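Number of protein chains: 2
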Amino acid sequence: MLIVKKFGGSSVADKERIFNVAKRCIEDYSKGHDIVVVLSAMGKSTDELIAKAKDMNPNAPKREMDMLLTTGEQVSVALMAMAMDVLGVPAVSLNAFQVAMHTTSAYMNSRLKRIDSERIRNELEARKIVIITGFQGINKFDDYTTLGRGGSDTTAVALAAALNADACEIYTDVEGVYTADPRVVPNARKMKEITYDEMLELATLGAKVLHNRSVELAKKYGVQLVVRSSLNTAEGTIVKEDVKVEKMLVSGVAADKNTARISLIGLKDEPGIAFKIFNLLAKKNINVDIILQSIGRDNTKDISFTVAQDAVDEAIMVLEDNKNSITAQKIDVNKKVAKVSVVGAGMMSNAGVAAKMFEALFDCGVNIHMISTSEIRVTVLINEEFVDKATRAVHDAFMLEE
Amino acid sequence: MLIVKKFGGSSVADKERIFNVAKRCIEDYSKGHDIVVVLSAMGKSTDELIAKAKDMNPNAPKREMDMLLTTGEQVSVALMAMAMDVLGVPAVSLNAFQVAMHTTSAYMNSRLKRIDSERIRNELEARKIVIITGFQGINKFDDYTTLGRGGSDTTAVALAAALNADACEIYTDVEGVYTADPRVVPNARKMKEITYDEMLELATLGAKVLHNRSVELAKKYGVQLVVRSSLNTAEGTIVKEDVKVEKMLVSGVAADKNTARISLIGLKDEPGIAFKIFNLLAKKNINVDIILQSIGRDNTKDISFTVAQDAVDEAIMVLEDNKNSITAQKIDVNKKVAKVSVVGAGMMSNAGVAAKMFEALFDCGVNIHMISTSEIRVTVLINEEFVDKATRAVHDAFMLEE
Numbered sequence: 017m018l019i020v021k022k023f024g025g026s027s028v029a030d031k032e033r034i035f036n037v038a039k040r041c042i043e044d045y046s047k048g049h050d051i052v053v054v055l056s057a058m059g060k061s062t063d064e065l066i067a068k069a070k071d072m073n074p075n076a077p078k079r080e081m082d083m084l085l086t087t088g089e090q091v092s093v094a095l096m097a098m099a100m101d102v103l104g105v106p107a108v109s110l111n112a113f114q115v116a117m118h119t120t121s122a123y124m125n126s127r128l129k130r131i132d133s134e135r136i137r138n139e140l141e142a143r144k145i146v147i148i149t150g151f152q153g154i155n156k157f158d159d160y161t162t163l164g165r166g167g168s169d170t171t172a173v174a175l176a177a178a179l180n181a182d183a184c185e186i187y188t189d190v191e192g193v194y195t196a197d198p199r200v201v202p203n204a205r206k207m208k209e210i211t212y213d214e215m216l217e218l219a220t221l222g223a224k225v226l227h228n229r230s231v232e233l234a235k236k237y238g239v240q241l242v243v244r245s246s247l248n249t250a251e252g253t254i255v256k257e258d259v260k261v262e263k264m265l266v267s268g269v270a271a272d273k274n275t276a277r278i279s280l281i282g283l284k285d286e287p288g289i290a291f292k293i294f295n296l297l298a299k300k301n302i303n304v305d306i307i308l309q310s311i312g313r314d315n316t317k318d319i320s321f322t323v324a325q326d327a328v329d330e331a332i333m334v335l336e337d338n339k340n341s342i343t344a345q346k347i348d349v350n351k352k353v354a355k356v357s358v359v360g361a362g363m364m365s366n367a368g369v370a371a372k373m374f375e376a377l378f379d380c381g382v383n384i385h386m387i388s389t390s391e392i393r394v395t396v397l398i399n400e401e402f403v404d405k406a407t408r409a410v411h412d413a414f415m416l417e418e
Numbered sequence: 017m018l019i020v021k022k023f024g025g026s027s028v029a030d031k032e033r034i035f036n037v038a039k040r041c042i043e044d045y046s047k048g049h050d051i052v053v054v055l056s057a058m059g060k061s062t063d064e065l066i067a068k069a070k071d072m073n074p075n076a077p078k079r080e081m082d083m084l085l086t087t088g089e090q091v092s093v094a095l096m097a098m099a100m101d102v103l104g105v106p107a108v109s110l111n112a113f114q115v116a117m118h119t120t121s122a123y124m125n126s127r128l129k130r131i132d133s134e135r136i137r138n139e140l141e142a143r144k145i146v147i148i149t150g151f152q153g154i155n156k157f158d159d160y161t162t163l164g165r166g167g168s169d170t171t172a173v174a175l176a177a178a179l180n181a182d183a184c185e186i187y188t189d190v191e192g193v194y195t196a197d198p199r200v201v202p203n204a205r206k207m208k209e210i211t212y213d214e215m216l217e218l219a220t221l222g223a224k225v226l227h228n229r230s231v232e233l234a235k236k237y238g239v240q241l242v243v244r245s246s247l248n249t250a251e252g253t254i255v256k257e258d259v260k261v262e263k264m265l266v267s268g269v270a271a272d273k274n275t276a277r278i279s280l281i282g283l284k285d286e287p288g289i290a291f292k293i294f295n296l297l298a299k300k301n302i303n304v305d306i307i308l309q310s311i312g313r314d315n316t317k318d319i320s321f322t323v324a325q326d327a328v329d330e331a332i333m334v335l336e337d338n339k340n341s342i343t344a345q346k347i348d349v350n351k352k353v354a355k356v357s358v359v360g361a362g363m364m365s366n367a368g369v370a371a372k373m374f375e376a377l378f379d380c381g382v383n384i385h386m387i388s389t390s391e392i393r394v395t396v397l398i399n400e401e402f403v404d405k406a407t408r409a410v411h412d413a414f415m416l417e418e
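For the record, the sequence lines run as chains V and H. Just so we're aligned: the first sequence equals residues 17 to 418 in the working numbering. Just so we're aligned: the second sequence equals residues 17 to 418 in the working numbering.
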């Protein structure tokens, strides 16, 4: 079997953990499997490099940011190869140039286009464990690019697809995908299986187990993923196209505190205003989540929407700068909000899910500010202080612990 | 003009120094020159990476060491490009893959074979300052290699040769090449010019201004070097083939405390013993400097030689392990020795240099243990405690301050 294993930054944060990961990989290698390991940068080292860059130049050129950041994973893979050598197993580390990992041209948020598999295959044939830098690629200019946050997951999935791997294991600090955050909902249950679409909705909603883009890619190439713990050998959660087990109405509840609501009050009720607003934000690469438009006083309208917390200051700045052209009388912000969502493929053929969720929230006295739905998801925006209570209430309502 | 400028690790050790170097480069850039900058890793970062590796694996595979170490220069060049961007000058950083810098296959002590100049030329044509990682290369397996200590000097010289540069400036923390170490000999004089051969002898002897291999390369390709300070704009020393100024008998005095004497006592007086000894050391990559063979008691002979301090333990180990086969009755070590050398192209046609040096040492009461000479150099081994006194005495004897 050819197995791709991905370990995040916390799994390789120090010597002890690196050896721990090395031993895990060697276990499968010793059974005769071919092992490809994808690593992130050690612990907080990417954040440290970013801080160094910001100190040098608050608006550092993105090309040079990528040149800087890619060193992080290269350190991880080299040290991992050294650890495996101590343990008596032949290993070789490869960076994006050596693989090679071809991406689109954009820096800091690139997308993988094509992976050359020749070198990896040659090294595997020589019975080496191949350790590859996650998160990074090279573009047509022969420059380093990075894939954005969570990019190492994407690297692993893309490698699994390119190599036609038999398994793609994503190791994290949790045992798998849960019906809710176990720290908030003590009786949350680890799911055995989940569909790509459900995982996508959960990932977007802050479940933080797998990065969205990696799940999209897995879905596109039919790469079956296993999310499991790097700390123990528990079975983990399988992410795949079609879940064979009895379909639950709802498979999980996700909460996301990293959200802020912005309201534009007293907008002129004329065509093109909404376009202007969201175009301004899109140009700054600010992702908008839930949008709500309502009728205001005196022939005006109000538009509210949510953005991630770290984007809110920039959003406010661009909106204030263009306050006149977007005809806003007032711009209002609330950072003390959170999203709670229920996700489930079973929802599609079942109308009562949203109502049941709203009922659960009403029963525990939580007011809903905004609502957004997709085919397999219902999301509500509530006050941040109620988020844990709301998550537990919704989890209970759908009896997810069973 | 196309100018290659090389700055060592201490010149880019922190933000302030990086900006300092950036400004210096921009000064020449603003005059219309094309600028190629070669950088080492920041401050002690290479040593820190080595320590990390040793902690992981005391016998880390050399290939992986190079994979690890090359990240150091990549960080430097990216941060430098960010600094230049702040200062409003377009710059681009390139690593060994991007250039590309082709080397021999050996890891950790590779030699440059060929440099592709196309990308550099394109970036220069776009009026960018091109910032290149020193010390590193790639071999035919598409693996990173490093050029050994002082490798960034070599990178700069090789680039100057490949690009047919008009000047190659090596920036250090001293103002140039002196007739002796100014900290020891207060009236030491900065030389305006020095030949490659003199510089080679001085480099080997611990003058530490330029790495040997880079001088060899400069000589081979006729690249004229300027050694100058990164801290001020003083003129520096030109290193070239033929020095036009009046030839001094002796151009400089060098001292090297990084030396130890090993004596093998009571060796059998039979053919092949010396070969055996130095072959054992060569296999361990231990460089032997001065060698002295003398007749011992009872039909035996003694062989003494010097090695660098950091090689002495390994040398003793391999010799003790083979004590019987090399027929040594006793192995004796003295770490408290130092070398003092006089160097000068003028020596070749002048017989009295060695005698004059010995006289100066005798006059100040310094005993000579061993002597070694080349066409343009006389070296003596003395007790370490006398090294400063001896250096000053020899410097005075040749009136180098004039």
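Treat each hint with caution, since some may be false.
If chains are identical, the list can't say which one is meant, so a pair holds when it fits in one copy or spans any two.
With a Cα cut of at most 30 angstroms, we get these calculated BS3-like pairs of lysine-lysine [to be verified]: (1) Lys206 / Lys70; (2) Lys70 / Lys39; (3) Lys346 / Lys206; (4) Lys299 / Lys144; (5) Lys236 / Lys346; (6) Lys273 / Lys352; (7) Lys273 / Lys39; (8) Lys300 / Lys144; (9) Lys346 / Lys256; (10) Lys144 / Lys351; (11) Lys78 / Lys68; (12) Lys273 / Lys129; (13) Lys405 / Lys236; (14) Lys60 / Lys31; (15) Lys39 / Lys352; (16) Lys208 / Lys352; (17) Lys317 / Lys144; (18) Lys31 / Lys352; (19) Lys292 / Lys39; (20) Lys299 / Lys235; (21) Lys405 / Lys346; (22) Lys78 / Lys39; (23) Lys372 / Lys68; (24) Lys68 / Lys206; (25) Lys78 / Lys144; (26) Lys317 / Lys47; (27) Lys236 / Lys292; (28) Lys339 / Lys156; (29) Lys70 / Lys60.
Rather than coming from a laboratory, the hints here were simulated on the basis of the structure. Since the model is a prediction, treat every value here as computed from it, not as a measurement.
Results of checking the hints against the structure:
With identical chains, the CA atoms of Lys206 and Lys70 are never at most 30 angstroms apart, being 40 angstroms at best within one copy and 40 angstroms at best between copies. In this homomeric assembly, Lys70 and Lys39 come within 30 angstroms of each other (Cα to Cα) only across copies, at 19 angstroms, whereas the closest approach inside a single copy is 37 angstroms. In this assembly of identical chains, the alpha carbons of Lys346 and Lys206 never lie at most 30 angstroms apart, being 45 angstroms within a copy and 71 angstroms across copies at closest. In this assembly of identical chains, Lys299 and Lys144 lie within 30 angstroms of each other by CA distance solely across copies; the values are 28 angstroms between and 46 angstroms within a copy.
For the identical chains of this complex, Lys236 and Lys346 are neighbours neither inside a copy (43 angstroms) nor across copies (73 angstroms), given an alpha-carbon limit of 30 angstroms. Within a single copy, Lys273 and Lys352 get their C-alpha atoms as close as 8 angstroms, which meets the 30 angstroms cut-off; across copies the closest is 66 angstroms, which misses it. In this assembly of identical chains, the alpha carbons of Lys273 and Lys39 never lie at most 30 angstroms apart, being 36 angstroms within a copy and 45 angstroms across copies at closest. Taking CA atoms no more than 30 angstroms apart as the test, Lys300 paired with Lys144 passes between copies only; the shortest distance there is 27 angstroms, against 44 angstroms inside one copy.
Within a single copy, Lys346 and Lys256 get their C-alpha atoms no closer than 46 angstroms, and across copies no closer than 72 angstroms, so neither meets the 30 angstroms cut-off. For the homomeric pair Lys144 and Lys351, neither the shortest alpha-carbon distance inside one copy (50 angstroms) nor that between copies (43 angstroms) is at most 30 angstroms. With identical chains, the CA atoms of Lys78 and Lys68 are at most 30 angstroms apart both within one copy (14 angstroms) and between copies (29 angstroms). Taking the shortest Cα distances, Lys273 and Lys129 never come within 30 angstroms of each other, neither inside one copy (33 angstroms) nor across copies (56 angstroms).
In this assembly of identical chains, the alpha carbons of Lys405 and Lys236 never lie at most 30 angstroms apart, being 36 angstroms within a copy and 77 angstroms across copies at closest. When the C-alpha separation of Lys60 and Lys31 is checked against a cutoff of 30 angstroms, the pair qualifies both within a copy, at 14 angstroms, and between copies, at 21 angstroms. In this assembly of identical chains, the alpha carbons of Lys39 and Lys352 never lie at most 30 angstroms apart, being 44 angstroms within a copy and 46 angstroms across copies at closest. Taking the closest pair of Cα atoms, Lys208 and Lys352 never come within 30 angstroms of each other, the shortest separation being 34 angstroms inside a single copy and 70 angstroms across copies.
Taking the closest pair of Cα atoms, Lys317 and Lys144 never come within 30 angstroms of each other, the shortest separation being 64 angstroms inside a single copy and 51 angstroms across copies. Taking the shortest alpha-carbon separations for Lys31 and Lys352, neither the intra-copy value of 39 angstroms nor the inter-copy value of 38 angstroms comes in at or below 30 angstroms. For a Cα distance limit of 30 angstroms, the shortest separation of Lys292 from Lys39 qualifies neither inside one copy, at 55 angstroms, nor across copies, at 42 angstroms. Taking the shortest alpha-carbon separations for Lys299 and Lys235, only the intra-copy value of 28 angstroms comes in at or below 30 angstroms, while the best inter-copy value is 55 angstroms.
Proximity of Lys405 to Lys346 under the C-alpha cut-off of 30 angstroms is found in neither arrangement, the shortest distances being 32 angstroms within a copy and 81 angstroms between copies. In this assembly of identical chains, Lys78 and Lys39 lie within 30 angstroms of each other by CA distance solely across copies; the values are 21 angstroms between and 36 angstroms within a copy. In this homomeric assembly, Lys372 and Lys68 never come within 30 angstroms of each other (Cα to Cα): the closest approach is 49 angstroms inside a single copy and 55 angstroms across copies. In this assembly of identical chains, Lys68 and Lys206 lie within 30 angstroms of each other by CA distance neither inside one copy nor across copies; the values are 39 angstroms within and 38 angstroms between.
With identical chains, the CA atoms of Lys78 and Lys144 are at most 30 angstroms apart between copies only, with a shortest distance of 16 angstroms across copies and 35 angstroms within one. Taking the closest pair of Cα atoms, Lys317 and Lys47 never come within 30 angstroms of each other, the shortest separation being 65 angstroms inside a single copy and 58 angstroms across copies. Taking CA atoms no more than 30 angstroms apart as the test, Lys236 paired with Lys292 passes in neither setting, with 33 angstroms inside one copy and 65 angstroms between copies. Taking the closest pair of Cα atoms, Lys339 and Lys156 never come within 30 angstroms of each other, the shortest separation being 40 angstroms inside a single copy and 59 angstroms across copies.
For a Cα distance limit of 30 angstroms, the shortest separation of Lys70 from Lys60 qualifies both inside one copy, at 15 angstroms, and across copies, at 21 angstroms.
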